[in-house]
Every structure is written in structure tokens, then in C-alpha cells.
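Number of protein chains: 2
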Amino acid sequence: MADFAKLRVGLAQINPTVGALRDNANKILDYYKQAVAEGCDVVAFPELSITGYPPEDLVLKDGFVAENQGILAEIVKSIGETFAVIGFVDRATSSLEIYNAAAICQNGKVVGVYRKHLLPNYNVFDEQRYFTPGVHNPLFTIKGACVGVTICEDIWEANGPVSTQASLGAVLNLNINGSPFHAGKIGARREMLSSRARDGECVIAYVNQVGGQDELVFDGGSMILAADGTVVASAAQFVEELLVCDVVLPKSKSVAAPQQSRGQVAEPLSEDAQIFAALVLGTRDYVQKNGFKDVVIGLSGGIDSALVAAVATQALGSEHVHGVAMPSRYSSSGSISDAELLARNLGIDIQTIPIEPAFAAYLKSLEPSFVGRSADLTEENLQSRVRGTTLMALSNKFGWMVLTTGNKSEIAVGYFTMYGDSVGGYAVIKDLFKLKVYEICNFFNQQNGRDIIPQSTISKAPSAELRPDQRDDQSLPPYDVLDPILELYVERDKTAHEIIELGYDATVVKRIARLVDLNEYKRRQGAPGVRISTKAFGKDRRLPITNRYSG
Amino acid sequence: MADFAKLRVGLAQINPTVGALRDNANKILDYYKQAVAEGCDVVAFPELSITGYPPEDLVLKDGFVAENQGILAEIVKSIGETFAVIGFVDRATSSLEIYNAAAICQNGKVVGVYRKHLLPNYNVFDEQRYFTPGVHNPLFTIKGACVGVTICEDIWEANGPVSTQASLGAVLNLNINGSPFHAGKIGARREMLSSRARDGECVIAYVNQVGGQDELVFDGGSMILAADGTVVASAAQFVEELLVCDVVLPKSKSVAAPQQSRGQVAEPLSEDAQIFAALVLGTRDYVQKNGFKDVVIGLSGGIDSALVAAVATQALGSEHVHGVAMPSRYSSSGSISDAELLARNLGIDIQTIPIEPAFAAYLKSLEPSFVGRSADLTEENLQSRVRGTTLMALSNKFGWMVLTTGNKSEIAVGYFTMYGDSVGGYAVIKDLFKLKVYEICNFFNQQNGRDIIPQSTISKAPSAELRPDQRDDQSLPPYDVLDPILELYVERDKTAHEIIELGYDATVVKRIARLVDLNEYKRRQGAPGVRISTKAFGKDRRLPITNRYSG
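First to last, the protein sequences are chains A and B. Under our numbering, the first residue of the first sequence carries the number 1, and numbering increases by one thereafter. Under our numbering, the first residue of the second sequence carries the number 1, and numbering increases by one thereafter.
Don't read these hints as lab results, they were simulated from the structure. Treat the hints loosely; a few may be bogus.
[Unchecked claim] List time: in silico DSS-like cross-link candidates among lysine-lysine, alpha-carbon distance up to 30 Å: (1) B:Lys364 x A:Lys397; (2) B:Lys61 x A:Lys539; (3) A:Lys185 x B:Lys364; (4) B:Lys510 x A:Lys27; (5) A:Lys510 x B:Lys61; (6) B:Lys510 x A:Lys61; (7) A:Lys510 x B:Lys293; (8) A:Lys522 x B:Lys293; (9) A:Lys522 x B:Lys539; (10) B:Lys535 x A:Lys539; (11) B:Lys539 x A:Lys185; (12) A:Lys539 x B:Lys522; (13) B:Lys143 x B:Lys253; (14) B:Lys61 x A:Lys522; (15) A:Lys61 x B:Lys293; (16) B:Lys539 x A:Lys539; (17) A:Lys539 x A:Lys522; (18) A:Lys522 x B:Lys253; (19) A:Lys293 x B:Lys510; (20) B:Lys522 x A:Lys293; (21) B:Lys522 x B:Lys293; (22) A:Lys397 x B:Lys293; (23) B:Lys539 x A:Lys61; (24) A:Lys522 x B:Lys522; (25) A:Lys364 x B:Lys27; (26) A:Lys61 x B:Lys185.
Could you build the full structure based on these sequences and the hints that come with them?
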């Protein structure tokens, strides 16, 4: 075995909190100790693990960057023989330029720093707003093996830094990430890592952050791939974990890569399970990292609020979720009984607060102003706003965060009331089209082996119940028509013209496109929520409000 | 004069609308005809004048980019002997890369294209999200003179493309801009342009867009500077204009620059006048470009709503501004009379809708839920939300946009009610600290030669009037203490620690910093409003909501 080095690699898939520098440092040290106890030769932490990812404009504060450097210096004092690779913000001593960097530490010292080369500046990412790209490829020797370090985006490019480092002799690449979840990503990620391992004939150790940060959920899913591209160890998604794996590495690039011993490989989750887990983790972390324990949800008896309540219960525990039924003069008796059945099934409390008295009071106060005008959308919105105000009053009085229940289809076309059903701190399912809401509800019931979300809730025709016998499909096309067009228009950046050319009905497409554009101002005042797609309403999609394009 | 070329240069300081490709094209052609009629040899239009600036994620739609190219091709057919320089999105034929570009057109043809080199990706700018940087420096001959073209940011760098083009022989640089206003910018801009002219020994013709686009106001202020750095012609700020100036240019760099004939030079505006004009233009364009004619404003009798009403009246005309007084059980009689006096002075209508009935109805409906709890902020917020809901009902019924009246000091520390006084489509003064609100109110009265905004409104102690004898300074430090700390913390990116080191009271600074951080979630759901500072709440400042940094 003289030609080979046997390395025990630890990947610390931790959940840091943005800005909590000291808490993050403590977490890093806890996991470092655990890695030492498990005999690791090296342990890698996620991208910018000291600051949490993404720190956004916090890094524009010189004082913040200095503090993150000070915290790194403190951590390093506790680093012994086991190497640690720690993500931090580096600052050049001679300039104001900052770098997204990894410190390679051993025996109380930073033995080297790698600065990220490729800075993503698309979708939700703004890294060119902050960082200067690195240009160097330092390599490190660990137990005689040549090791490279890269950061996130660096590994996505075929002829990027990972290939360069491999060509310079690296037989292992430690790639540290803050790589947010979207549906379908883990497969693409695994394939990409596999190609990169094969291309460079090197072992890839990929560690990713876990946890929710505003819109983003980081899914972990850290993994180690042999030089032949096979996954030899992987961590679970959506939970903190220290993944440990022994890898056997040639001490020289000219020696063929040996057969690796396999480590623990996590059972893969179905896509629906991943989406549900992302909703749960995103919600839990948003609520708890912002200092809340309890949430309140308006339960309409419909499917959207049912799913949000199910997610919240799984995220926070049933004793921390509070349901409110707010019947109007137009509510069906089924709405109330469905809401009550759901609450019973989930084990959450429910109270009923009728909206009629406040609604009637508004109508009376507005009577002189509205004289001669007939009822219209105004009165529907009023009822929705009484509900919103009622939820906010409970939030203020009891310190509960309001979870809002709009889905992506509604939010896209503006089929909601600003300051009404859209009120709240977090919009749990804002990135799920309505058809996906049904799918995830069915998944949830199946997984639990019973109809926690009542079948009557799933099977009834969607309605806002703001006027007699109202149904969504009186205002909108059926969701199986609406959702595919929205996906093309919103997520795939097609113009209305292009969608019509694909064979969709011109009148419907033009109407939907116009609704999406007109309602940008409403979305802009909406709460954040879990990003599930590759283009969520939020940092992913930055369209002007004032926008007369109609193509 | 054989060594010299005499060029008549037109700068078309137009107000395009983002996405209105055909309207923008028509406007470009109108101004082109006017320039031809005035005998111009060349006329330059602003940056991305076909799409309007900034088009944001619209340029991620391939169909949008193709349409903008088609529109350019159509415009070019009407271009005759007078050169036109037109901003558009260029796409490489062989790739998906797009460029922020200028087409130089004559006699029905695009004779050349310049692609912007320097792409701003800071503050409100995200150009690296979209565009590939250009690398070439094409030069053009107009009446025997060597002319360079650059775009916006290109001219801000001392050794950038303008210098390169000058060294290659350009004696005139046509610099086309979408350069947003902030207080103090025009002076900095003039100085920079003057340096650039002197450095390159070339004439600079700077043309800037005018108009409001969501948060941004473009102030125009186009100007021509001689090679010695003096301003020889300038357009007014905040209005559309075709600036025409004859410039005499050496046909070779080796000939000394001659004395230019002076053109029209606009009277400079005071900084307060610029700020007021920016508020007016930003509000007018937001309202009208989004298809509204009328606005509604809650008039409290306080200074914030008074200034917003004054701005709206100037922007839209008094017949399009509707005031609403919404007294509570805690309103002073002075509040109502001040609001009425203001409305009379501005010539706008005012109606009174008491909030007591709806407030009382909520309290009654919530009584069972609130049993055993004493009154707190909940009841104050409830009143504010009744006001917000009332304004939205009027908005829905009459199609009036609600203008919201919060100032930057309040918004910074979260001293407002979400879904209450913050409701509305546009937050006119959101980027003015409270002390600046006073200053602009006094400016407005002085400019009009009478107290249109009543002195009693200006001199009374600020109060939300949501509980008996409430005053802002019971909850917040006085504004002359608060505002300077906020400026350091919010606009200058200082940490609390650094501000304390500057000599400010530690307890106050820590409390304010914490309030600013804690209220990020409230601001995120706020309406857009005119950017006046170099760091407005909006695209300028991208801090995480989930953020435990307390440095």
C-alpha cells in the first residue's frame, strides 16, 4: 500500500444560521470534535459556513467581514492534526476586495486559502455583486495524497478548477457547497459530480449545507464519488449529518485508482418526498430562526390551507399550530366541517371567528362613499381583508407567525387579495402550482396511511367563497389548462407568442400572460416562501412592475 | 476650417417606458425627425432606449430580445443622412449571449454596433446577470471627425473605453445613459465628465434617459462638455428635451481643440428642488405608466401625508387626488382640521370615513379569543389596518391607486403597521428620512410663496394617534438623534459597533440597529417608492430577513 494513502474523510453537513457567527463557529467546532473522535484525517464544512449562506449584503459591511475573519482565527486555534476545510469571507489585506473562500486548517494554523473562481450571478445568485473571483489553484498534501479544494459553482463547469487541479495532480477534490434545493436537482447534481470524477480521475467529496434561509432550502445530500464516478457514500437530505468515509488514494496520478471501500449510502427520497421535506425544513427554519415558536393559519376547508397546516404540524409540532376558521355569509357548511376534521386529524387547535360583524361595519361606514355603486370585487376583497386583519390580530396578541396559504397558480395570475388572504410571514406553498398541491396532499395522505387531509377537501371544486356559489373556474381556466401555460410563461421565459406557437389557445394564453404581468405589483408585496422550482417568485424572477411588454 | 469639422449634435433626452417597444420606437422616430428638422448631423438616444431601462429579467426572454432587434431594424429604415445612435439589446448570431449595445445608424443601415464594456453589478444594478461585456472599440467618421460611442458605466472609469477611444483618435465621445438620480449625483456626474473630457482631450456628449421606472427616477440632465472640460450645453433635469449644440472638432488628434460655440445651458436646480422634482416625476410615471389616473391618500393631518398629497397634486393634477380623513377614537380635532385645510389649499377633495364602527366590530369578534388579555399593540395595529382596508376599498371601487405615506425613518425601524398605514401601490417618500421630510415641506411652501402645507402640520409633535396622547418620541428617539444613526447604519453600512465607536450612545445605537434588522420582513412586503439616496430600501439593499448578525 506504499503507493496509496488511506484517508478518512468527514463531510459535516451542518445547518448554520446567516449572521450567527458565534453560533456557527460553535457548531463547526462541535462537528470538528466529532470528526476527530471518529478518526477523520480531514473534515470539510459547507461554503461560507462561518457566515451562513447566502449572507447577501451583510458582506458589504466591512465590520461584518472583519468579524468573520476574527471568528475563523478563533476556530483555528482549536484545530489539531485533523485538517478542517472551512468556508469564510476572505479579504485581501491590501484592498477592499473580498472573496468567497475556503480556509484549509491544521495544527492551529491556516495552511492555505482557496478562493472561489466561478461566481454565479443568475437565478437567485448575486455573487458578482460581492466577490472578486479567485485565480489560484493551491494543492494540499494530506497523508501523502494530493488534495484540491473547490467551492460550489467551481465544480459545475467541465473544464473549470476541478479539472485544472486534477491535471496538476489532485487525486481528491473537496468541494464545499451552499447549493439550494429545487425539484429534480439531486439527480442532476449526482450526474455532474460523476462526470467530474471520471474526467479528472479523482475522488470527489461534495459537502452541502442543510437548512432553510428565507426563500432557499439547502438539502444537504453530501456525497463521495470514486474516481470511476460511482457514489461510494452519501448523506441523507434535509438533515444535519457527519458523513464519514474511508477513501484509498494513489499517491501519484500515474498509479491507477484502487477499488474504494464503500461507506454508508443514504436511501434516496422520491421527488414528492423531497418536496414535502423541503417545505417542512424551509418552514421550520424560517419560523424558528426568526425567533417564533407558534404559527396561526386560516383554515378554509380547502386544499391549500390543509397542506400548509400539514407542513406546519410536521415542522413545528401540533401544539405549535393554531387553526382559525373564519366563515363568511357565503361559506358552505362543508367548509367549516372540513376545517374542523383536518384540525382533529392533525391534532391542532381550531377556533372560529366569524367575519360578518366587521364586514357589515365596513359596508355601513363606506355606504356614503359607495352610494350609487353596485357590489363588485370590492366587497369580495373586503371579506378577505377582514380575515387577514383577524389573523394579524391573533398574531400580534399571541406572538404567532401567520402562515399564508397561496399557491403558485393563484399568485401568478393575482387570484388573491392583497392584505387579505396573502397576509403572513411565510408563504409555505407559494412555489407549488395547484396541480402539484393536489399531488403533494395525496403523497402526504399515502405516506401516513390515512386521509389526514380529508378526501372531501381534496375532491371539492376550489372556491374562494366570497360570493354565492363562487368557484375558481368561473374566473380562471381549469388548473390543468392554466398550470402548463404558467410553467411556460413564468418558469421557462417563453413569450405569449411563443406559447401560442406551441399550440395553446391564443385567447387563453394572452389573457393569462396579461394577468401574470399585471399582478407583478401584488406579488412584490408578498411574503417569502420555499423555493421548489428553478424559477420561484422572488429573487429568481426580477421583472419590472412598470412593464408594457405584451409579446 | 479644413482641419476642423463642425458637427451639430442632438441629444434626445427621452422618457421611454420599459417593455413598450413600439411606443419607444415611435418616440425615437419623433425625436429623430425633430433632430433632422433642426439640422443635426447626429442624434443620440439613451441606453437601451428601445426596451426602456432597466428591462430587468425581460431580457431573459429570447422572444423579447428578438422583438427588440426587429424594432431596431424597422427604425433603421427611417434613418437618413443624420446619424442616429440608439440603445438596444444586441444578440450574437452564433450564441445565446446578449449585450447592452448601441447601434450607430445612417442611410437605412446599422453602420456599426458598440457593446458596453463595463457592466455595473452593484447598488440597484444587476447587469452581469444579463449581459456579456463588449471588448471592441469601433470608431466612426462623421463629417470627417473621428467619433467614439460608449454606454453609461463605460465613462465612469478613468482608464476605461473613453480613454482608449480617445487614444485611438476619437475627438468626440457620444455617451448614452440610463443613469438614475440620487441626491447630489448631478454634481459628481459633471465633475467626472469634465475629467474624462480633459483626460482624453475630446468633446463629451452625454445623453441620459428621463422618467420614472418603479423605484428609479432618471433625471436627464444631458450635457455637452468641451475638450477643456467646460460644460457648453446642458438640458434641464426631469423633463424630455432635445438638446442641440454645434461643436467644432479637429479632424486629427494632433490639432489643438478649438473654442466651441456655447449652446443652451439649463439653470441648475437646488438639491431640494431636484428631490421634489424626482418625487413628482417618479410618482407621475409610476401611476400613469401603470394605467392609473387617480390616487387616494389617507390624510392624517400630519406632515408625511401632507407632503405626499402635495407631490401627488403636482404630479397628477388636483382633480386626480382624493383625500380621506379616517378619524379614530383617539384623533385630535386638530388632525381633522389640518387635513381639511391641506385639502383646501391643494384644491383636492376630501371625505371623512370614521374607523370606529369596524374597529369596534373587530374587538367584539375577537373578544372570546382575547379573554384575559389586556390591550396592547394589537389594538393599535387593528385601527391602522381598518384605515388600510378602507383605503383599499376605495381603491377597488373607484380604480384609484393608494399612495402610502411612510418615511424612511419609520420604515427603517418598523414604526408602521403592515397591512395598515403601509398599504398602497407606491410609497412616495419612503427614501426620505423624517428630517428631510420637514426640509422638503418647507421648500415646497417657500417655492409656492405660501403655507400650502399648514404650519400647524409642520410644527406639531409627530403622532400615530392610535392611543390616548400618543407621540412618536414615546417609542423612538427624537428624529435628530435617530436619523443620523440610521444614515450610518442603513446607508453607510456601518455596524452598530462602529457607530458606537464614532461617539454615539451605545444603548440607543444597539436598539436602533436591532429594530432595523428585526423589521426587514416588514419592509420586504412594502410598496416601491422613489429612490433619492444612494441606498434606498429596495434593490439597493439586499439583506436577509433571517439574520442573526448583531455586530
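Point to revise | In rising order, the numbers of the hints this structure does not comply with | key: Violated hints (numbers, rising): 3, 15, 18, 22, 25; every other hint is consistent with the structure.
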